[in-house]
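There are 2 protein chains.
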Amino acid sequence: MTTTITIDECAAWLSERDRFLIITHRRPDGDTLGSAAALASALRAAGKTAYAVNNAETTARYLPFIEKFHAPDGFVPETIVAVDTASPELFPDAVSKLIAPADIELAIDHHPSNTLYAKRTLCDPSRASCGEIIFDVISRLGELGPDAVSALYIAVATDTGCFSYDNTDAGAFFTASRLASLGADIAGLNRLLFRSRTRARVAIEGMIYSDMQFLFDGRAAVVAITNAMMKSSGADEDDMENIAALPVSIQGVLAGATIRELRAGGCKVSVRAAPGVDANGICARFGGGGHTAAAGFTSKLSPEELRPQIISVLEEFIAR
Amino acid sequence: MTTTITIDECAAWLSERDRFLIITHRRPDGDTLGSAAALASALRAAGKTAYAVNNAETTARYLPFIEKFHAPDGFVPETIVAVDTASPELFPDAVSKLIAPADIELAIDHHPSNTLYAKRTLCDPSRASCGEIIFDVISRLGELGPDAVSALYIAVATDTGCFSYDNTDAGAFFTASRLASLGADIAGLNRLLFRSRTRARVAIEGMIYSDMQFLFDGRAAVVAITNAMMKSSGADEDDMENIAALPVSIQGVLAGATIRELRAGGCKVSVRAAPGVDANGICARFGGGGHTAAAGFTSKLSPEELRPQIISVLEEFIAR
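Listed in order, the protein sequences are those of chains G and E. In this text, residue positions in the first sequence follow this note's numbering: the first is 1, and each later residue adds one. In this text, residue positions in the second sequence follow this note's numbering: the first is 1001, and each later residue adds one.
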């Protein structure tokens, strides 16, 4: 049974503790890593020993911001804190092996699905990012240094898609405004996070745009990304971030299916839909599921075997 | 000789005047149109008669926000205000025919290049958008209604490229935060402005990515957009917004040249450069110019005649 705590209680409790290990979630994004780096930085500034878990799945883009906080081998923590992590199933493998959910002293999160696994929980699902909650907590511990300020900007900016996603709100803008005032290098971080693409990403996007098939007066779009396209573009998984959102970002497209050929054979399909079309229903026809706006399924068929079947189901759901 | 006024003085002066006509600049963007719509809306809420010029170049995207403020034929203004317009040369043709620079009672602007043509000038070049200055002024006139709030979000968000450009700062975020608190439909406006692309834009981007030539270990990129590409993609000028920024948004690219074939023959070339490479110097070689980061020139040569010449100059400037 967790105890729900407030921002003030959280700050006061952190002040009383020491030897922190901060846990980030699997497939770590800017919000979990930025939250961890900022919290570790602020705890150190308050005179504590604080490390973040060395999350093996951290991508090159975020490593420079979190690396300096990585826990050394053999570090024995007294206080384990999880950030932006809705449930223990989302702990990285290395963490799951060593740490039981019952060992988590505190979880700071913004996911409505948080399972309240920690002894204490500070969770505010109304916030666009976990970083905003961390900002409020560590602002009570003292002045924020440059590492904390940059890390929190990364958290807020990435979880809102550079303030373009539907979760962007007054609080996200306000935190960003405070971080800019505190000296965050907004221009440099934006360039790094949002205004630079790899050549491989550009190449695969070019292929996707050329290959995209529009159907039913442009209300549906289907694209297949084959292993051959991946190879010739040089794209890796890092380059494929948010690629399934491309079809439905085109004007008039109500449902978009992105077929990814798998190396081992078969396909993974992501369906995105505009309000009024049920992506979950579409994917359920193929044994998959998800949410109304975004769902998926896997299949043993090849992209070209699958394509006509998907088109037929799309037609039915769009006609509704 | 202009009189420089403060935000408070501007608000007080506006309160004393009536029968406003608000002028926007040529090739109007979200900042000039949003500023005009918000100012007109606030002046009307304060009991005034206020219209914006019917700018013939207004694109379909912005029309719904400004149209309701368009001046009717025969409207005789007493107070002419220009927004986001650095000089009288930037007035739309229809305005230049009827209105002399000496008739402009007030200019509200954020361009450092403002020529101080108006009788009164409120210009703050430290602001990322003109909309932020308008926000400060009209907040002193009374409560902001939904039209003003939406229009100002369009102004701030477009002039900062959805908070991604180098001009994004604490003030832009703070204004956005206030506008969100006042009820701006951030998600809806973001979807309209930043998260939807036309099929033609997607088609031309696909062609650009496929055609892009990388040189000198990927430090330069050159692309030519021919009339044939424009025709087969169906792209119009609206679809080409910010297209010249694509090459230099790719990792490692220090200078990017975008060659646009002109319908009448010849080419228009845009060069964008990262810090350390002088786009202005590159374009000066071809009789053009601009800024260090962005410059351009026109030529009577065909794209394929021009390409090797540009590559040779790019090589020289990148080697510096």
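Just so you know, these hints were derived from the structure itself, not from any lab. We put the CB at the ideal spot given by N, CA and C, even for glycine. Be aware that a few hints might be false.
[Claimed, not checked] Which chain G residues face chain E? A few, computed with CB under 8 Å, are given here:
| # | residue |
| --- | --- |
| 1 | Cys162 |
| 2 | Asp169 |
| 3 | Phe174 |
| 4 | Ala176 |
| 5 | Ala180 |
| 6 | Ile186 |
| 7 | Arg195 |
| 8 | Ser210 |
| 9 | Gln213 |
| 10 | Phe214 |
| 11 | Gly218 |
| 12 | Gly290 |
| 13 | Phe317 |
| 14 | Ala319 |
Contradicted hints - numbers only: Those not satisfied are hints 9, 12, 13, 14.
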